[in-house]
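J.: Chains as they are written, first to last, in our numbering: chain A, 1 to 769; chain B, 770 to 1059.
No wet-lab data here; the hints were simulated from the structure.
Nothing here was measured: the structure is a model prediction, and the numbers come from that model.
Hints should not be assumed to be uniformly reliable.
SDA-like cross-link-like pairs, simulated, lysine to any residue; straight-line CA separation at most 20 Å [stated by the list, open to error]:
| # | chain 1 | residue 1 | chain 2 | residue 2 |
| --- | --- | --- | --- | --- |
| 1 | A | Lys297 | B | Gly810 |
| 2 | A | Lys322 | A | Gly399 |
| 3 | A | Lys134 | B | Phe773 |
| 4 | A | Lys319 | A | Phe193 |
| 5 | A | Lys297 | B | Val806 |
Quick partial rundown of chain B residues pointing at chain A, CB under 7 Å, derived from the structure [what the hints assert, rightly or not]:
| # | residue |
| --- | --- |
| 6 | Met770 |
| 7 | Phe952 |
| 8 | Pro954 |
| 9 | Arg955 |
| 10 | Asn956 |
| 11 | Glu957 |
| 12 | Met958 |
| 13 | Met1029 |
| 14 | Gly1031 |
| 15 | Thr1032 |
| 16 | His1035 |
| 17 | Val1042 |
Just so it is clear, CB atoms sit at the ideal spot from N, CA and C, and this is done for glycine as well.
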Amino acid sequence: MSTTADRPAQEFKVVGSRPVRHDGVDKVLGRAQYGADVKLSGLIHGAVLRSPYAHAVIKKVDVSRAEAAPGVFAAITGNDMPVTAPRLVDMMEEVTNLKWASERVMAHGKAVYRGHPVAAVAAVDQNTALEALKLIEVEYEPLEAVISLEDAMKPDAVIIHDDLVGDHLGEKVPHTNIAEHTRTEFGDPEAAFAEAAHVLERTYTIARAHQGYIEPHSSTAFWSPDDKISVWTTTQAPFGVRSSMAAVLKVPLSDVRVVPTEIGGGFGGKIGLYMEPLAAVLSRKSGRPVKITMDRKSVFDATGPGPGGQVTAKMGVDKDGKIVAATATIRYMAGAYPGSSISAATAGIFACYKVPNVRIDAYDVVINMSKTAAYRAPGTPQATFASESLVSELCETIGMDPMEFHLLNAAEEGTRRPDGPVFPRIGNVACMEAIHNSDHFKSELGESPDGKLRGRGFASGYWNGGGNRSSVTISVNDDGVVSLVEGNPDIGGTRTTIAMQAAEVFGLPAHDVHPTVVDTDSVGYNDLTAGSRTTYASGQAAIEAARQVVEEIKKRVAMIWETEPENVSFEDSVFQNKVAPDQRFTFKEAAGKLGQTGGPVSKTGAVNVRGSGGGSFAAHLCDVEVDPETGKVQILRYTAAQDAGKAVHPSYVEGQFQGGAAQGIGWALNEEYYTSPDGVMQNASFLDYRMPTALDLPMIDAIVVEVPNTNHPFGVRGIGETSIVPPAPAVGNAIADAIGVRMYQTPMNPSRIMEALANKRNGKNGHQG
Amino acid sequence: MHPFIYVAPRTLDEAVAVLEQHGERARPFAGGTDVLVQLRGGRFDLDAIVDMKGVPEATTLELNGSLRIGAAVPCYQVYENSAVAAAFPGLIDAASLIGGIQIQSRASLGGNLCNASPSADGICPLIVHSTVAVVRGPQGERRVPVEEFCTGPGATVLERGELLVALEVPAPARGFGAAYQRFIPRNEMDIAVAGVGSALTLDTDGTTIASGRIALAAVGPTPLFAAKASAFLAGKPATPETFAEAGEIASTEATPIGDMRGTAEHRVELVKVLTRRTLAVALGRAQANR
Chain A
1 MSTTADRPAQ
11 EFKVVGSRPV
21 RHDGVDKVLG
31 RAQYGADVKL
41 SGLIHGAVLR
51 SPYAHAVIKK
61 VDVSRAEAAP
71 GVFAAITGND
81 MPVTAPRLVD
91 MMEEVTNLKW
101 ASERVMAHGK
111 AVYRGHPVAA
121 VAAVDQNTAL
131 EALKLIEVEY
141 EPLEAVISLE
151 DAMKPDAVII
161 HDDLVGDHLG
171 EKVPHTNIAE
181 HTRTEFGDPE
191 AAFAEAAHVL
201 ERTYTIARAH
211 QGYIEPHSST
221 AFWSPDDKIS
231 VWTTTQAPFG
241 VRSSMAAVLK
251 VPLSDVRVVP
261 TEIGGGFGGK
271 IGLYMEPLAA
281 VLSRKSGRPV
291 KITMDRKSVF
301 DATGPGPGGQ
311 VTAKMGVDKD
321 GKIVAATATI
331 RYMAGAYPGS
341 SISAATAGIF
351 ACYKVPNVRI
361 DAYDVVINMS
371 KTAAYRAPGT
381 PQATFASESL
391 VSELCETIGM
401 DPMEFHLLNA
411 AEEGTRRPDG
421 PVFPRIGNVA
431 CMEAIHNSDH
441 FKSELGESPD
451 GKLRGRGFAS
461 GYWNGGGNRS
471 SVTISVNDDG
481 VVSLVEGNPD
491 IGGTRTTIAM
501 QAAEVFGLPA
511 HDVHPTVVDT
521 DSVGYNDLTA
531 GSRTTYASGQ
541 AAIEAARQVV
551 EEIKKRVAMI
561 WETEPENVSF
571 EDSVFQNKVA
581 PDQRFTFKEA
591 AGKLGQTGGP
601 VSKTGAVNVR
611 GSGGGSFAAH
621 LCDVEVDPET
631 GKVQILRYTA
641 AQDAGKAVHP
651 SYVEGQFQGG
661 AAQGIGWALN
671 EEYYTSPDGV
681 MQNASFLDYR
691 MPTALDLPMI
701 DAIVVEVPNT
711 NHPFGVRGIG
721 ETSIVPPAPA
731 VGNAIADAIG
741 VRMYQTPMNP
751 SRIMEALANK
761 RNGKNGHQG
Chain B
770 MHPFIYVAPR
780 TLDEAVAVLE
790 QHGERARPFA
800 GGTDVLVQLR
810 GGRFDLDAIV
820 DMKGVPEATT
830 LELNGSLRIG
840 AAVPCYQVYE
850 NSAVAAAFPG
860 LIDAASLIGG
870 IQIQSRASLG
880 GNLCNASPSA
890 DGICPLIVHS
900 TVAVVRGPQG
910 ERRVPVEEFC
920 TGPGATVLER
930 GELLVALEVP
940 APARGFGAAY
950 QRFIPRNEMD
960 IAVAGVGSAL
970 TLDTDGTTIA
980 SGRIALAAVG
990 PTPLFAAKAS
1000 AFLAGKPATP
1010 ETFAEAGEIA
1020 STEATPIGDM
1030 RGTAEHRVEL
1040 VKVLTRRTLA
1050 VALGRAQANR
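Start from the sequences, fold in the hints, and give me the full structure.
T.: Right under this line is the structure:
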């Protein structure tokens, strides 16, 4: 289903259609090459010894027995890694300090999270490598693990990094676990609260949640004797891996070639370095290509989930329900190294509303768990659980319909986002209207036949999306088929959506554009596949390249027609002489004449798309049924409406809405790192890290709202991430509607629901503020 | 993974001999759905795996009023046997619940018992059916009531060289009904937060409970036979009030811990609820069996 806003839509031939994806056959037949499928001549296999302690001094690592074992080619420790000086590198969704990037992949003298690599071996096969790990002797001196905000932020906290200098509102503060404290202020919230008709303040706790991609990390590296390094790895950021590899290993950037493999899901979690440098150093020592693949436990223990934390949010409204002020304090646990998306959380927490007076404090706090990574709309689902739960409770307090409240206060074109930027044309209101007009909204919730409790919840959400640098090269073949070379690993169907934008320019069917994702030596620079940027920004590079191709072919046919290129028009895939209209070539005919008119045509669109992806808003509606005897929550019905600007491939857009909603429902209901007091994750498997299965979800209805993005030639917005933002509060608000108790903590699992119901019977409320 | 030998004996004596030789470094192996996962997870190393699927006594399913389930008979053979399914719906509740289709094609109720997980779905229904475990070892055969088989998480009464041959389930009496339910937060793929198996036998009047048995999963170090709640049922009317009271008593027999799967408090509540619910299902089956 699709709704289009007022402006007359452009006419499209390819964009908006639903061709079969270019990589579909390989994936259906199991031929696609994922990280662990890489096979090279002479390949040997690595394994990583990981710290059993969340926080420990490493007094000694002795790999000599492992190194001497039959079948073992090499063993390394932190001493084999070049020591890297502190330097910040901006990876778009993550800012990385190279010293810490190096220490994170291999401990130097101290383990700061459970699963922290301490040594690695490479052997003839994986079992030999794993057995050799048992021969490595490590002497640890365990330290107190800091795994909660409270312990990390208290005045006499155990300090994780001696060299961390915190930035607290611009002041440099040594000896702290608080890496950053930022504040965004506008107007005078205190004065506004004092005059508000109603003010509500609540504190919400959000669990750390993993992206749960199906493919574990796998990296293969070969360090050639001429010091050229090739890396095959499952990553969203081949160019980022190239630059951080070069820096961490202290080699020239252009000596590293990164080949991105097919990727079995990333969701932000496959941006940073993990085993790539270890495989490279093992390769240098052994002279062989080395592959290292994580098992699931290592993925949970040692890669980056989204941060957990605590958010205190406060909102005041006047007698009509208009927001007069809002404040928030966001505290995220970044894991063992700084960087937990607090700026995106600040941008997102109140973005759906007009807030005239605002203050947002945000803290980035290190703890002894693996460093968090970007996870789909990084930092924003957590903050929005707070703001949208608060809004729902506030509406209940003042007796106002939540939808009416949202519409009364909705951010629109010209509204200043609380952290500064002014919104261009956005689909915030259009999404709410789409929900309002949906069959779901108009349907009755109904009664449970067996005494269960039903409820309905609503929440909205926002993610800005990024632009940045992309390069796409298009070459025209003699038969009029076009090859398109790009550098963004395809995690969401972007091969096809980029190809479709080029096809639109050419007026060709989508399948006459052949897209290939290539290595870092074979295409110009591309920022990572993240931030909802790929279809939006690399699509613009493709459009740019395609337009250059058209201009060049105009010159060629002008040559044949002995006229000026300005006299050549190109429409509906036909070049025509405006002066002599019977002179015409289809694109395919013209392609066959390039050899005679000056040689091959190959053009690169290299863009640096300024500004955002236009911002994609969403509104979600959720029906739940709660068993008050067991605490079990069943999602009965779920509708996600989101602004796509213009959906390039509507099936993929719907898939992104559904996938994000499914992940968000997982955060809401059951997903969490269940951790012992000494920092050991107890549920590091898909058995006990409970993501929703197909049986736990209804078919999620996706409503594609299309309010064109003025920053994109076709009106496209980046849409991959917003869909994970509203689900947790939508589910929480539905649960509150069902059982009459508010939940202030994720996951809202059965034990917590039972506790909340017991508290209600005993007259206690669950909130902390 | 430590290298191990794979032995596929044809007789019980051969199997016992290998197990006796290697002691704790060997394990009998049916579907392998627990042992292989535990080996790969590094929970223990083995020198030998003894595949029981070539041993006739361990692979036959015999229904002759009573039911004898070979220790290596996969779950699907139990629930797909329509005569067994009709006579023992309480067992089928578990056999069809353990894992998905692929797992059920390998996993056995005998293996489920030997794995001795406190949360095993297969054990409570066996207990409430008064099942006897037939054990073979160097000293010959012995018979152990299932509720005495597990001694702790992952620990059983099996001694060096001993293996489980079969499970003997008595023929259900007229008026007997049983049921098993577990609670999981999702609808699949989960280990029980709590599970309850219940059985009752109706008196000839059809409304009084002659005897009952209740067993609890995931609320103690082993699956528990709830002796007090079971004894309470005898002579009581088969009513929701009786079932609720049995649930209250059963909950006092539970000794749960709180962990990643649920809090101790939640588990106690679940015992009450699941006892009530399984007794109600068991009653329906008992009435149909008169």
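J.: Hint by hint, say whether it matches the structure.
T.: To see whether the hints hold, each was checked on the structure:
1. A:Lys297 <-> B:Gly810: At roughly 9 Å apart (the allowed maximum being 20 Å), B:Gly810 and A:Lys297 satisfy the hint.
2. A:Lys322 <-> A:Gly399: Status holds; Cα separation ~13 Å.
3. A:Lys134 <-> B:Phe773: Answer holds: A:Lys134 to B:Phe773 is near 17 Å, not above 20 Å.
4. A:Lys319 <-> A:Phe193: The given pair, whose Cα atoms are some 12 Å apart, holds under the 20 Å limit.
5. A:Lys297 <-> B:Val806: Measuring from Cα to Cα gives roughly 13 Å; hence the hint holds.
6. Met770: 6 Å, holds
7. Phe952: 5 Å, holds
8. Pro954: 5 Å, holds
9. Arg955: 5 Å, holds
10. Asn956: Hint on B:Asn956: holds, closest Cβ of chain A at ~4 Å, below 7 Å.
11. Glu957: Holds: closest Cβ of chain A sits about 5 Å from B:Glu957, inside 7 Å.
12. Met958: 5 Å, holds
13. Met1029: Cβ of B:Met1029 sits 4 Å from chain A, so the hint holds.
14. Gly1031: Cβ of B:Gly1031 sits 5 Å from chain A, so the hint holds.
15. Thr1032: 4 Å, holds
16. His1035: Constraint on B:His1035 satisfied, holds at 4 Å.
17. Val1042: 5 Å, holds
Checked against the numbered hints listed earlier, the structure breaks none of them; every hint is satisfied.
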